[in-house]
Amino acid sequence: MRCVWNNDLLIDVNGETLLLDACGAAFSAAHSTLIFSDLHFEKGSSYARGRQFLPPYDTTNTLLRMARAVARHNPARIIALGDSFHDRDAADRLGPEERGMLDALAAGAQFVWIAGNHDPHPPAWLGGDITEIFRMGGLTFRHEPLAAFEPGEVAGHLHPCASVAKWGRSVRRRCFVSDGLRMILPSFGAYTGGLDVGEAAIASLFAGPFHAYMLGNSRVYAIPRRVAV
Amino acid sequence: MLPPEFLQWFASRGWQPRAHQLALLDHAARGESVLLVAPTGGGKTLAGFLPTLIDLAGRHAFKLSASRAGRSRKSSLHTLYISPLKALAVDVARNLDAPIAEMNLAVMVETRTGDTSAARRQRQRHTPPDILLTTPEQLGLLLAHPRAPQMFENLKTVVLDELHALANSKRGDLLALGLARLSTLAPGHRRVGLSATVKDPAPLQRFLMPQPMEGEALSAIVIAKGGAKPRIEISASDSYVPWAGHLARHAMLDVMAAIHDAKTALIFVNTRSQAERTFQELWAVNDSNLPIALHHGSLAIEQRRKVEAAMARGALRAVVCTSTLDLGIDWGAVDKVICIGAPKGAARLVQRIGRANHRLDEPSAALLVPANRFEVLECHAARDAVLAGELDGERQKAGGLDVLAQHVLGTACAAPFDATALFMEVRSASPYAHLTREDFDAVVEFVATGGYALRRYDRYARLRKNDQGRYRLAHPRLAQEYRLNAGVIVEDPMVEIRLQSKGRPAGAGGRKLGELEEYFIEQLSPGDTFVFAGDVLRFEGLRETGAFVTKTSDPNAQIPSYNGGKFPLSTFLAQRVREMVSAPEGWHKLPEPVQEWLKIQEWRSVIPKPGQLLVETFPRGNRHYLVCYPFEGRLAHQTLGMLLTRRLERGRYHPLGFVANEYALAVWAAKDMSSEKDGGNANMDALFDEDMLGDDLDNWLAESNLYKRTFRNCAIIAGLIQRRFPGKEKSSRQVTFSSDLIYDVLREHEPDHVLLRATYQDAGTGLLDIARLGDMLARVKKRIVTRRLDRVSPLAVPALLEISREMVAGAVDEAILHENEDALIRDAMRVE
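Residue numbers (numbering that gives the first Met the number 0), protein chains in the order written: chain A, 0 to 228; chain B, 0 to 831.
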């Protein structure tokens, strides 16, 4: 998995400027805040409990990519937008190295852990704030987007993906979704799958036209909804 | 040799026992395993079962007297019959009924397939029939049961039908491991392999025998006398032979005439999309409304069964089909086989021709219909080979580690196992004769805990060691999961095609037409049209429940490239086609336009000598082209194309794209890829050097979609990804994590993991044909002939007309073939 800092895209959400990093994180320079969503730490070991042995490197992989993004943007605050842990015991299954990596991230920035449906009660030892909703300037951060429209809402939960097809081939990637008033972040966890932006769960959140900001290898591509399949 | 009641039975039918049937009895009497190689219609199946029937008839007489003495007969399995198709097993059961009923033998024959009721399966374990007919998958399941030792302890014979179609595949690996298990449970049982004619029977003879630790063991072999030589015609026109394409539209009237002349015809094509198009084209000229049907693997199963039933009733005059009907039950009425497009291999052609006329002494009749110029060459090469009795050899692959993983888990489901004993047993299976202990241990560790260097999953282990140091199943639920997920046939994720009425929103209602690969559907945009189930359909949208389509009358459907049943041109046939091109003295046999094409090629460029690889370069438009002609099949050419463009990119030639077909590869670039000096030979030697199979290959593999699909298949077979869970039977589309993501993480963090090794091994012979590419590069070393031309050559035209293409990553350029076909051909064939 690559994450090259290059040609990042700037968009406005409810008057706040956000930089969309090709690794799938968003950065607010004005608030020195880096935002990740749906980290799903220990998804691999969660499956291992059901005796499906996915490679036990997903948490390390996710943390490494987070660390690279943090090094690029040097934020004062890191928001994890919910479902940071794949299940309620996931935090207890972190290995010592992974905890070390997490501590190192927490040492350099103030963490805001937003509770998700997979992790309604993130453990207190994580440090930082644990909350359901966090407000910052014109933005409101929560895990699951409200069905009712609230300007400035930034949420995760849905793991949006988009596809574009051309020349008899199609490319499917994770994406940010925004209409300039609210935004859904892509999932950041190594093993997290995705939901197509055309599905009602995502499309119905936007009254008018919106963009899928698809993650390329080194840059983000703005794709209008009508082009994305 | 035959007991009186059998002699009488033969006589009552007006038959003479055939020599090979008696030879098999002879081997049986000596307790020897034997391979019978015989053409279709040779009484092969009866030959395999005669020794069993005779033995059971004799035992029956003995048992009758024993039971009179007051002992009851204990039922035990005498003969196990394995076929690649369950339909074949059912058909054979029916065919055995006649001799058993007519000789009044007390022999119980049963089948066991996925359709067998749970009650009957249960009963079969405790009270097995004398003869059980089943498939490799069902054998695996039987062996994974704790009662397997009792069920098989008295087994005398295993009959393996259509062995050539099973061996040297993952299903063959599964079967070989099952046989190795049977050797332990029923030592001394003998095996009978039944096979169509093959080039080299030795691998099949090995397959039948438990292999010793040193050296190798071969079974006996009986080769039946060949039948009448087939009559093979090649449809050809001296006025028009298309340059490219695979549809043979120009020949549909010829095909229709052939159908008229036959009682019943089977029309074979190579892909499902070709089947669809051919079916449409035929109906367009079917003025007398002959009953012609369509049969391929994407159609709804009910629809296929209907076609098969109509065929059995004799209600059809022709069926357009893919390899789904290569094997299967005998339809007596079929008296003509029509093969449209490239035959791909001599053995495949023999198999298909054998579907017509099941009487040994009469010639089968076949019509080959080439769809383009290269296919004309291929059809001639294939006919020559078949008539000369020469066949394709097959590269023997080593047993898959993913299949082994499945077998290890299955073995633990039956009973705790000792690792060393199981290793010895597995090594006795011929595909695994060279398995190392390291690989075996890695597979066991993979099954137990995932086999990761980071030992995080020990506490969730599937296998644990018991007091005697044997591996046992950690939880009984695992046996249930094993049964749900066993098997080595991995389907691509499929999407249901649902037909809805026009004007309704996508996703509303819809009758199921069949299924298509997800990756095909994903590349459609709403409004795109394609042909499926005999209709032109408009794609409306993809929803959770399927792909929704409406009917359209637009005759210009986009042709789908859905891939089902695409085989590469066999190495053997490729060799013969190359020889044919290199030998101008034989060209007179070819149709006029093909001769002219080759002659102008000779005059304008060069005809490569045997063993040489011709590489041409020429400018066209504002592009520079490089076209080479390895004749190694599209898969190997695609891999070669990816590797060449990487290398050209490094050489700053700015490659823009490439196209590959079965015979040639064309690359185009912004810069001239030949050099002025020495006609560019040194350049090409370096460009085609074998060392491209090193780092470049590895780097490309990491990104390749085909490779990721190979990984997914291995992961599913090995049990890393489960297809189904007890209680909730998920379709493969709903797997909650993506195998691509797992692949990326595993490759980054543990590149030597056993599953990645299994994937690499698989890719060598499977989707990517790397092994074949390697052989080709070695063969042409220092034998590359380069021609710098001022314009396109005749031989290059088909490749340039080929639509399928892979774009060079990072240099996406849609301007590929704006020019029209006529201008291209005019330039190529201009002789001034």
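If you are wondering where the hints come from, they were derived from the structure by calculation, not from laboratory data.
Each residue gets a CB set at the ideal place from its N, CA and C atoms; glycine is no exception.
Hints are supplied without guarantee of correctness; some may be wrong.
[As the list claims (entries may be wrong)] Ranges of calculated distance between the beta carbons of each label pair, as one might list FRET restraints:
1. Glu517/B x Ala123/A: 40 to 48 Å
2. Gly468/B x Asp91/A: 52 to 60 Å
3. Pro750/B x Glu149/A: 43 to 51 Å
4. Pro150/A x Thr544/B: 45 to 53 Å
5. Met828/B x Val170/A: 36 to 44 Å
Going through the hints against the structure:
no. : hint                            : in the structure
1   : Glu517/B x Ala123/A: 40 to 48 Å : holds, 44 Å
2   : Gly468/B x Asp91/A: 52 to 60 Å  : violated, 32 Å
3   : Pro750/B x Glu149/A: 43 to 51 Å : holds, 46 Å
4   : Pro150/A x Thr544/B: 45 to 53 Å : violated, 34 Å
5   : Met828/B x Val170/A: 36 to 44 Å : holds, 39 Å
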